[in-house]
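Residue numbers (the working numbering), protein chains in the order written: chain F, 1 to 257; chain H, 1001 to 1328.
Simulated from the structure, these hints should not be mistaken for laboratory data. Treat the hints loosely; a few may be bogus.
Claimed, not checked - When the alpha-carbon atoms are kept at most 30 angstroms apart in a straight line, the in silico BS3-like pairs for lysine-lysine are as follows:
1. F:Lys-255 / H:Lys-1015
2. H:Lys-1328 / F:Lys-234
3. F:Lys-213 / H:Lys-1129
4. F:Lys-24 / H:Lys-1135
5. H:Lys-1324 / F:Lys-233
6. F:Lys-49 / H:Lys-1193
7. H:Lys-1061 / F:Lys-91
8. H:Lys-1084 / F:Lys-213
9. F:Lys-251 / H:Lys-1018
10. H:Lys-1015 / F:Lys-217
11. F:Lys-234 / H:Lys-1003
12. H:Lys-1324 / F:Lys-251
13. F:Lys-251 / H:Lys-1061
14. H:Lys-1193 / F:Lys-222
15. F:Lys-233 / H:Lys-1328
16. F:Lys-200 / F:Lys-213
17. F:Lys-255 / H:Lys-1328
18. F:Lys-91 / H:Lys-1129
19. H:Lys-1003 / F:Lys-51
20. F:Lys-145 / H:Lys-1193
21. H:Lys-1261 / F:Lys-222
22. F:Lys-255 / H:Lys-1061
23. F:Lys-91 / F:Lys-234
24. H:Lys-1084 / F:Lys-217
25. F:Lys-255 / H:Lys-1201
26. H:Lys-1193 / F:Lys-251
27. F:Lys-233 / H:Lys-1061
28. H:Lys-1018 / H:Lys-1201
29. F:Lys-255 / H:Lys-1193
30. F:Lys-24 / F:Lys-211
31. F:Lys-200 / F:Lys-222
32. H:Lys-1084 / F:Lys-251
33. H:Lys-1003 / F:Lys-217
34. F:Lys-222 / F:Lys-91
35. H:Lys-1261 / H:Lys-1135
36. H:Lys-1129 / H:Lys-1261
37. H:Lys-1061 / F:Lys-217
38. H:Lys-1261 / F:Lys-233
39. H:Lys-1261 / F:Lys-234
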Amino acid sequence: MHIIVYIKQTFDTEAQIAVDSNGKIDSNGVHFVVNPYDEYAIEEGVRLKEKFGGDVTVITMGGNRAQDALRTALAMGADKAVLIDDSALEKTDEWVTANVLTQAVASLPYDVIFTGRMAIDDGSGQVGVRVAENLHIPSVTNAVKIEINEKSAVVTQEIDGGTASLEVSLPAVFTAQKGLNDPRYPSVAGMMKAKRKELKKISLTDLGLEKEKLVAKMTVGKYAVSAARQAGKKLQGSSAQQVAELVNLLKTEVKAF
Amino acid sequence: MAKGIWIIIEHNQGKIRKVSLELLSQARKMAAQSGEALTAVVLGENVQKLVSEISAYGADKIILAEEPRLAEYTTGAYTSVLNKMIRQEEPRAVLFGHTGMSRDLAPRLAQRLGVGVASDCIGMELAEKTFLQFKRPVYAGKAFAAVAAENCPVMATIRPNTFAVAEPDSSLQAEVAAYSVEIDPQDIWSVIKDVAVAVSKRPELTDANIIVSGGRGMQGPENFALLEALADTMGAAVGASRVAVDAGWLDHEFQVGQTGKTVSPTLYIACGISGAIQHLAGMNSSRYIVAINKDPEANIFNVADYGIVGDLFEIVPLLTQEIKAAVK
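Construct the entire structure; sequences and hints are all you get.
Written out as C-alpha cells, the structure reads:
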C-alpha cells in the first residue's frame, strides 16, 4: 500500500506571537514543530504500512528549515521525504498550496493520502480537501477512526455534536483529528535511521509548474496581534460573599440571566 | 455581472442553526448598504417548512434544493449541487457558518470553482475593490489577519457567535424558488453507514453563549458533574482544557484550545484551569471570563474579568445554588 502524508512545519503551540515592522508574523527565536494534527496523520500512515506493507512518503512545502519536520516524520517510520522549496512560494494561499501538493503526487502511486485536519498556524484546514478535489478522489475530514479494506475504507469522522461513519472507495484523502491514534515519539534508533533515508528537495520547475500560474486567490493584508486582555478584579470576602458578588455581576454586567 | 449575497443555511431536524440566523442578520445590513439582494440557500429534504422563519430574518429570496439524497449532508452531493447553482446564478458572495459541515464543504466547492475561501472569520465588512474584506484569527487567535479575494464569488466561513441575531419580523415574505436538483453520479462517492449525534440538552461548544469549563483542578471525570449542574442552570455548554482531555476525563470534542475548539461565548467560566497559553488561545475572544482557581498566581487570573481565588469544590456548588435562586 502506498501512503502519502502531507505535513507542515508550524510554530510550537507555546510560541508567543509578535508582528514585525512590516506587519508580518515575526518568527525570530521561535521553536518549530510538526503541526500537531499532522502527527496523527504520520502515525496513521505508519500504522497502515505496518499492517499492510508498502511505503510512506511524507511531503511538505517550505524552506530549508522544514527538513527538520520531514526528519521527524522519517524517524517516526516514514520511508521517503520530499521538500518542495521554492522562493516563488513565499506568498501562497490554500489554492496555490493544494495545486503544488497535487502536482507533487502526480507521478507517485498512492492508495491513501493523509494530512492533519488543519494547521495550527493559519487554522484554515482546506488543503487536504482541495487536493482530493484536484485528484478527483473522495475525502473525509476530521477522521477519528479509519478501517481500511481492500479497495475501500470505513471512516468515522467527528461532526458537530457527534460522529458519522462513511464508506468511501480508495484512493482517498483523510484528514486526521485528535483521537485518531496516539502518535509515537521518534526513538533514537529511528532518528539514526532517518538520517540515511531519502529526502528529496525539489523546486516548482522540477514539478513542471509555472510560477506565473500560481497566483494566490486570497490576499493577506496586515497581521495584528490580538489585544492583551486586562486582568479584571479578584473578588474578596468569604466564599459566600464572593459567590454572591459574582452572581450579581453576572446578572448586571454580563446579563447572563 | 455577478450579484447578490448568498447565505448557505444549515439546519438539523427542522431547526435552523443559530449561526445561519446570525449570518442572515448581518448580511441583511450589508445587502442594504451595498444594494445587493440577500439570498438564502437551503439544501435538504422537506425544507419548505423553513421558509417562513428565513423570511422573517429578511432574506429577499430563498432557493430550495429539495432531494432525498440531500437529506443528510455528504460532501459529494452538496458540492455537486452548489457548484452548478453558483455557476448558473453567479452570486457575488457566498457565506457559510464555520461549522463541521462547512469546513468540509467550502474548500471542496471552492477548489471546484477555482476560488479562495476565508475560513473561520470573526469579522467582515464591505470593501470597495474586493466587495468584502474579512478578519480571521491565526495562531488560534493569538493574532489576526485581514484577508480579501478578488475572485467571484467571494467565499468565507464565519465563526458562530460573531454576529448578533436580529429580531425576526414575521410580516416579511421572501420570494421562494425551487431549484431542480441534478447530482452528477460520480459525485456520490460516500455511503453513510451510521450517524451518532449525542443527545444532549446542552448547546454545542462553538454555538454556546455560555461555557463552563474544567481543567486539571477538577481532579477526575466524576467531578465534572459539578460543572454540568452549573451549566444546566444557565443553559451553558461544558468544556475542558487539554489536561482534562488528555487524562481521559472528557472526550476530545469538549477540548477548548489550540488543538481543540476555539470558542467565543459571551461568558466563559474557567474552573480549575491554570491558563496555559494554548488554552487561552482557544477562549481569549470570550466577551467575559470568570476564573475559579485556588492558586492566586494562576495565569488565568491575568485574563479573567472576575476572579475567585478558592476551592472550586466549594465555590461551584455554591454558585449553582445562587444562580438557581437568582433565575427563579
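Hints, verified against the model:
Straight-line distance between C-alpha atoms of F:Lys-255 and H:Lys-1015 comes to about 26 angstroms, which keeps the hinted pair within the 30 angstroms bound. As the CA atoms of H:Lys-1328 and F:Lys-234 are separated by approximately 27 angstroms, the hinted pair is consistent with the 30 angstroms bound. For the suggested pair F:Lys-213 and H:Lys-1129, the alpha carbons sit about 22 angstroms apart, so the restraint of at most 30 angstroms is met. For the hint linking F:Lys-24 to H:Lys-1135, the alpha-carbon distance of about 15 angstroms falls within 30 angstroms, and the restraint holds.
Of the supplied pair hints, the one linking H:Lys-1324 and F:Lys-233 holds, its CA atoms being roughly 24 angstroms apart against a limit of 30 angstroms. Taking the CA atoms of F:Lys-49 and H:Lys-1193, the gap is about 26 angstroms. The hint holds against a cut of 30 angstroms. Proposed proximity of H:Lys-1061 and F:Lys-91 is contradicted: the alpha carbons are some 38 angstroms apart, above 30 angstroms. Of the pairs offered as hints, the one joining H:Lys-1084 and F:Lys-213 holds, with about 25 angstroms between alpha carbons and a cut-off of 30 angstroms not exceeded.
Taking the CA atoms of F:Lys-251 and H:Lys-1018, the gap is near 23 angstroms; set against the 30 angstroms cutoff, the hint holds. In summary, the hint linking H:Lys-1015 to F:Lys-217 is not supported, as the alpha carbons are separated by about 35 angstroms, beyond the 30 angstroms threshold. A distance of roughly 52 angstroms separates the Cα atoms of F:Lys-234 and H:Lys-1003; the hinted pair therefore is violated under the 30 angstroms criterion. Straight-line distance between C-alpha atoms of H:Lys-1324 and F:Lys-251 comes to about 12 angstroms, which keeps the hinted pair within the 30 angstroms bound.
A C-alpha spacing of about 39 angstroms is found between F:Lys-251 and H:Lys-1061, which places the hinted pair above 30 angstroms, so the restraint is violated. In summary, the hint linking H:Lys-1193 to F:Lys-222 is not supported, as the alpha carbons are separated by about 45 angstroms, beyond the 30 angstroms threshold. As the CA atoms of F:Lys-233 and H:Lys-1328 are separated by approximately 27 angstroms, the hinted pair is consistent with the 30 angstroms bound. Taking the CA atoms of F:Lys-200 and F:Lys-213, the gap is near 24 angstroms; set against the 30 angstroms cutoff, the hint holds.
Distance restraint check for F:Lys-255 and H:Lys-1328: the Cα-Cα separation of roughly 15 angstroms lies within the 30 angstroms cut-off, and the hinted pair is therefore satisfied. With a C-alpha separation of about 20 angstroms, the suggested pair F:Lys-91 and H:Lys-1129 falls inside the 30 angstroms cut-off, and the hint holds. Between the alpha carbons of H:Lys-1003 and F:Lys-51 the distance comes to roughly 53 angstroms, so the proposed pair goes past 30 angstroms and is violated. Our distance criterion of 30 angstroms between C-alpha atoms is met by F:Lys-145 and H:Lys-1193, whose separation comes to about 13 angstroms.
Using a Cα cut-off of 30 angstroms, the hinted pair H:Lys-1261 and F:Lys-222 holds, with the two alpha carbons roughly 25 angstroms apart. Proposed proximity of F:Lys-255 and H:Lys-1061 is contradicted: the alpha carbons are some 35 angstroms apart, above 30 angstroms. For a cut-off of 30 angstroms, the pair hint linking F:Lys-91 to F:Lys-234 is broken: about 45 angstroms separates their Cα positions. Under the criterion of a C-alpha separation no larger than 30 angstroms, the hint pairing H:Lys-1084 with F:Lys-217 is consistent with the structure, at around 21 angstroms.
Our distance criterion of 30 angstroms between C-alpha atoms is met by F:Lys-255 and H:Lys-1201, whose separation comes to about 22 angstroms. With a CA separation close to 46 angstroms, the supplied pair H:Lys-1193 and F:Lys-251 exceeds the 30 angstroms bound. Among the hinted pairs, F:Lys-233 with H:Lys-1061 is inconsistent with the structure: their alpha-carbon atoms are about 49 angstroms apart, more than 30 angstroms. Proposed proximity of H:Lys-1018 and H:Lys-1201 is supported: the alpha carbons are some 15 angstroms apart, at most 30 angstroms.
The suggested pairing of F:Lys-255 with H:Lys-1193 is violated, with an alpha-carbon distance near 44 angstroms, which exceeds 30 angstroms. Restraint check: the Cα-Cα separation between F:Lys-24 and F:Lys-211 comes to about 23 angstroms, which is no more than 30 angstroms; the hinted pair holds. About 34 angstroms separates the Cα atoms of F:Lys-200 and F:Lys-222, which puts this hinted pair outside 30 angstroms; it is violated. For the hint linking H:Lys-1084 to F:Lys-251, the alpha-carbon distance of about 49 angstroms lies beyond 30 angstroms, and the restraint is violated.
Pair hint H:Lys-1003 plus F:Lys-217 holds up; C-alpha atoms about 20 angstroms apart against a cutoff of 30 angstroms. A threshold of 30 angstroms between alpha carbons decides the hint, and for F:Lys-222 with F:Lys-91 the separation of about 13 angstroms falls inside it, so the pair holds. Of the pairs offered as hints, the one joining H:Lys-1261 and H:Lys-1135 holds, with about 18 angstroms between alpha carbons and a cut-off of 30 angstroms not exceeded. Note on H:Lys-1129 and H:Lys-1261: the hinted pairing is violated, with a Cα-Cα distance of about 33 angstroms set against a maximum of 30 angstroms.
The hinted pair formed by H:Lys-1061 and F:Lys-217 meets the criterion: a straight-line CA distance of about 29 angstroms does not exceed 30 angstroms. Pair hint H:Lys-1261 plus F:Lys-233 holds up; C-alpha atoms about 27 angstroms apart against a cutoff of 30 angstroms. Annotation: proposed proximity of H:Lys-1261 to F:Lys-234 holds, straight-line Cα distance about 27 angstroms (limit 30 angstroms).
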